[in-house]
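Sequence lines, in order, name chains F and G.
Our numbering numbers the first residue of the first sequence as 2 and each following residue consecutively.
Our numbering numbers the first residue of the second sequence as 2 and each following residue consecutively.
Check before you lean on any hint, since a few could be wrong.
The list treats identical chains as interchangeable, and a pair is accepted whether it falls inside one copy or across any two copies.
Claimed, not checked - Simulated pairs of lysine to any residue, SDA-like, Cα-Cα distance not exceeding 20 Å:
no.: 1; residue 1: 339; residue 2: 406
no.: 2; residue 1: 446; residue 2: 176
no.: 3; residue 1: 461; residue 2: 448
no.: 4; residue 1: 214; residue 2: 159
no.: 5; residue 1: 240; residue 2: 217
no.: 6; residue 1: 446; residue 2: 167
no.: 7; residue 1: 243; residue 2: 219
no.: 8; residue 1: 240; residue 2: 107
no.: 9; residue 1: 460; residue 2: 448
Calculated directly from the structure, the hints in this document are not laboratory data.
None of the values given here were measured: they were computed from a predicted structure.
Protein chains: 2
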Amino acid sequence: MSNIENLRKVITELKEILPNNSWSENKEILSPYLTEWRDRWRGQAPLLLLPKSTREVSLAVKICNQHNVPLTIQGGNTGLVGGQIPQGEILLSTKYLNQIRQLNEFSLIVESGCILQTIQELADSNNKLFPLSLASQGSATIGGLCSTNAGGVHVVRYGSMRDLVIGVEAVLADGTIFNSLNPLKKDNTGYNLTSLLLGAEGTLGIITAVQLKTYQKPVQQETLFLALDNLDNCLETYKIFKQTFTHELSLIELIPSEALKFVTEHIPKCSLPFTVSSPWYVLLQCESTHNAPLLNIIEETVKVLLENNIIIDAVLAKTIQQTKNLIKLRESISEAQKPQGGSIKHDISVPIGLIPEFITQATKAVEMLIPNCRPIPFGHLGDGNIHFNVSQPQGMDKNEYLSYWKKMNRIVHDIVIKLGGSISAEHGIGILKKEELAKRCDPVKYATMKSIKLALDPKKILNPRVLL
Amino acid sequence: MSNIENLRKVITELKEILPNNSWSENKEILSPYLTEWRDRWRGQAPLLLLPKSTREVSLAVKICNQHNVPLTIQGGNTGLVGGQIPQGEILLSTKYLNQIRQLNEFSLIVESGCILQTIQELADSNNKLFPLSLASQGSATIGGLCSTNAGGVHVVRYGSMRDLVIGVEAVLADGTIFNSLNPLKKDNTGYNLTSLLLGAEGTLGIITAVQLKTYQKPVQQETLFLALDNLDNCLETYKIFKQTFTHELSLIELIPSEALKFVTEHIPKCSLPFTVSSPWYVLLQCESTHNAPLLNIIEETVKVLLENNIIIDAVLAKTIQQTKNLIKLRESISEAQKPQGGSIKHDISVPIGLIPEFITQATKAVEMLIPNCRPIPFGHLGDGNIHFNVSQPQGMDKNEYLSYWKKMNRIVHDIVIKLGGSISAEHGIGILKKEELAKRCDPVKYATMKSIKLALDPKKILNPRVLL
Chain F
2 MSNIENLRKV ITELKEILPN NSWSENKEIL SPYLTEWRDR WRGQAPLLLL
52 PKSTREVSLA VKICNQHNVP LTIQGGNTGL VGGQIPQGEI LLSTKYLNQI
102 RQLNEFSLIV ESGCILQTIQ ELADSNNKLF PLSLASQGSA TIGGLCSTNA
152 GGVHVVRYGS MRDLVIGVEA VLADGTIFNS LNPLKKDNTG YNLTSLLLGA
202 EGTLGIITAV QLKTYQKPVQ QETLFLALDN LDNCLETYKI FKQTFTHELS
252 LIELIPSEAL KFVTEHIPKC SLPFTVSSPW YVLLQCESTH NAPLLNIIEE
302 TVKVLLENNI IIDAVLAKTI QQTKNLIKLR ESISEAQKPQ GGSIKHDISV
352 PIGLIPEFIT QATKAVEMLI PNCRPIPFGH LGDGNIHFNV SQPQGMDKNE
402 YLSYWKKMNR IVHDIVIKLG GSISAEHGIG ILKKEELAKR CDPVKYATMK
452 SIKLALDPKK ILNPRVLL
Chain G
2 MSNIENLRKV ITELKEILPN NSWSENKEIL SPYLTEWRDR WRGQAPLLLL
52 PKSTREVSLA VKICNQHNVP LTIQGGNTGL VGGQIPQGEI LLSTKYLNQI
102 RQLNEFSLIV ESGCILQTIQ ELADSNNKLF PLSLASQGSA TIGGLCSTNA
152 GGVHVVRYGS MRDLVIGVEA VLADGTIFNS LNPLKKDNTG YNLTSLLLGA
202 EGTLGIITAV QLKTYQKPVQ QETLFLALDN LDNCLETYKI FKQTFTHELS
252 LIELIPSEAL KFVTEHIPKC SLPFTVSSPW YVLLQCESTH NAPLLNIIEE
302 TVKVLLENNI IIDAVLAKTI QQTKNLIKLR ESISEAQKPQ GGSIKHDISV
352 PIGLIPEFIT QATKAVEMLI PNCRPIPFGH LGDGNIHFNV SQPQGMDKNE
402 YLSYWKKMNR IVHDIVIKLG GSISAEHGIG ILKKEELAKR CDPVKYATMK
452 SIKLALDPKK ILNPRVLL
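Extracted from the complex, chain F is given alone in its bound form (with noise of 0.2 Å):
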């Protein structure tokens, strides 16, 4: 039987086993699923998944698996990696797997489909915090932030994804179900596959579901937006802050002045905090769970910054409305390059000390690359976590810009992996960085992830062409 014949077998069993609505092969209504807001990927698929159940999901898995027919695994569409567009496999979403399954006093279990805001909102109205942030956080699935492992804004006190789930569910490339939920306290019996799971970006299972932590929710915090002259002053400011606030920190991000030019451009009712600009800028908040004097240590510690001339200014939200105004300033960056032509990214990350060195040598060297393209390194300060983007010259062609993507990248790249760092700190591999991850990873860290994947996936059914 020749491949297309195969694939249509199993297309005509997955139409006969699966309820009508649990799929589509309606064009219009897998259009939406082919392509991604970046529109850097444009898929196809025969055939369009839409599981209701964590059953409908392992008859789904359990056919292809027999028949070695491939699945691509997509949430909310919002990866920046390219993972979830189909390329002629059959197409699996999530979406509908999205009922709140219990709700205690400490953690939730949610089905993976759930959009993150509403996971936020449904903590908020029982009086807790899911604390994981980021910017898609109205289309971004449960699902798909555990299978990347996803970061944000809130890392630096929380953790990623990983740090915030205790039990999962999957479906495993045979179809049978792993379930990690409700798990005991304690309890020894042998490997930690829930971890193994997440991060694992739909390549070892496809998660259905999740058990998430929910914390108390902070009953003070405050907003700082600073003015700094040089890159090193950041950092200090970082590392006074992270002293004097160890558990308070919850969110420092590295603004440089080109992308505030940005935002208070193209931004409706954005504007500079300051009279005059800065180099750069650090947005930063403190949360505290209880009443400890937050207020006055933190007016304190920007005095002694500001005496000893590591920052140039400082502004205190004192509203709920000003917060959101901060906030809005660093959260419009990737928005506001947009008007301003192509931009080529990078999702890096060094040790939190060679912040300053990075962001030095990659401008250096993509400026030499391409003369008067405009770097906008901002990001997780406290992560060492850096979105090193970079917009085209102005009235250079974008198409032309964007044929550098790879060089660039390559540039710096070299330059992460001189300082210790990553090439992927929070966006995942996908297929963005499939070939670089296989060129700069640990030979031994590579070897043993596929051993994993060929002795858990042999057929290679999940998400085949992502990661490895």
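Fit chain G to the known structure of chain F by using the hints.
Same frame as chain F, but now just chain G:
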């Protein structure tokens, strides 16, 4: 070539390639490695390897792997499930892998042969805390503790070993070296192999070094000993303390009356801190890294518990010596059981709320099996982890009593599984519970673990008789 000839050849090769002081065949030197303190297992080994570096471990494993010769791996030889005792395999001890490699503000990198107590003291002398604490800390090695994901009395606040480790160095079955020491704060380049190696009981790799988190030292610590009427009130006490001291509760141990009777009878300088004895006791500690009004809130909480008849009496340690005395009552339980004859042991966990139910059912069941046996259920109330150890009836023949081991295990484990618990909470599986695991483990989890083992150690040379 016969197996014996093959083994002889490998032994010759190992002796040639390793320095003279990195191996031994001397019977007297080998002897203490072949028995263990509980005297449940006695082993044999044709050769003892005592590597002094990761490189030596790698060399040895490479040779063994080439020739399909299995290794048993031993840390401090304090394991309670027999995994460390060789039965004819070459024995590799990590005892001399004992260098401190790095010490910084938030972590330390130590080799796997370092003794836990040494590491606690090292952290302490740097004004930091390494919180793992258990009875065998004077002998247990970091590598063994990592491989068994050890728990102990501070899990309620700090988690088990997997929660305390940031990075790992390990020699894999083919002799290659996996290294995740000094990890970046964010690195999304694939599977979480670090967590997979922790708790794998040496079946996927030999841990040679780890990076451990260190914590701020508490500036206050309060120790309480409570007397209670029944198990439901013990549980209620836990709930109230956990609610009041979510982050501060650092130890909460359940102690039955019978256990304290044994301790005060057999252990010098131990006496009951109350004038009248009660059926149950709870030992607990709260600690804080800042100057919160800890003592006041504890005294208030105790007052409420007394007023509501949840506790009968309470003793608060006023001096360091008083604290030590109270802790010693708990720590001496296992030792004090020895003079009472044979003890059949269970290291189980159940959801915390089901502890009273478990103890009631299990007590009834074992008393039905062996009338007049003396159950001593003690341990980690805040983790749902009870050491359900059963002393023999007075006057019964010890060996006859111990012949009931498997039968009693089955009966107790049946109750554990029915209540959604685990047959190994913190000691691991080793040899002791291998059959029970095969029978009781979720088959999907078990099959997945087997696939991973086969993929990463296809020749089954690492601890081949352990776990699976």
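My question is about residue 240 and residue 107: at a cut-off of 20 Å on alpha-carbon distance, are they close within one copy, between copies, both, or neither? between (31 Å within a copy, 13 Å between copies)
Checking residue 460 and residue 448: alpha-carbon separation at most 20 Å within a copy, between copies, both or neither? Both ways: residue 460 and residue 448 sit 18 Å apart in one copy and 17 Å across, limit 20 Å.
Intra- versus inter-copy proximity for residue 167 and residue 446 (alpha-carbon distance at most 20 Å): between (25 Å within a copy, 16 Å between copies)
Within a copy, between copies, both or neither: where do residue 461 and residue 448 come within 20 Å Cα-Cα? both (16 Å within a copy, 18 Å between copies)
State whether the alpha carbon distance between residue 214 and residue 159 is at most 20 Å within one copy, between copies, both, or neither. Classified as both; 10 Å inside a copy, 16 Å across copies.
Same-copy or cross-copy closeness of residue 240 to residue 217 [CA-CA at most 20 Å]: The answer is between: 17 Å across copies meets 20 Å, while 26 Å in one copy does not.
Given a CA cutoff of 20 Å, do residue 243 and residue 219 count as a within-copy pair, a between-copy pair, both, or neither? This pair counts as both: shortest intra-copy Cα distance 18 Å, inter-copy 18 Å.
Between the shortest in-copy and the shortest cross-copy C-alpha distance, which are at most 20 Å for residue 339 and residue 406: within, between, both, or neither? within (16 Å within a copy, 70 Å between copies)
Check residue 446 against residue 176 for me: Cα-Cα at most 20 Å, and say if that holds within a copy, between copies, both or neither. between (27 Å within a copy, 13 Å between copies)
In the structure shown, no violation is registered for any of the earlier numbered hints.
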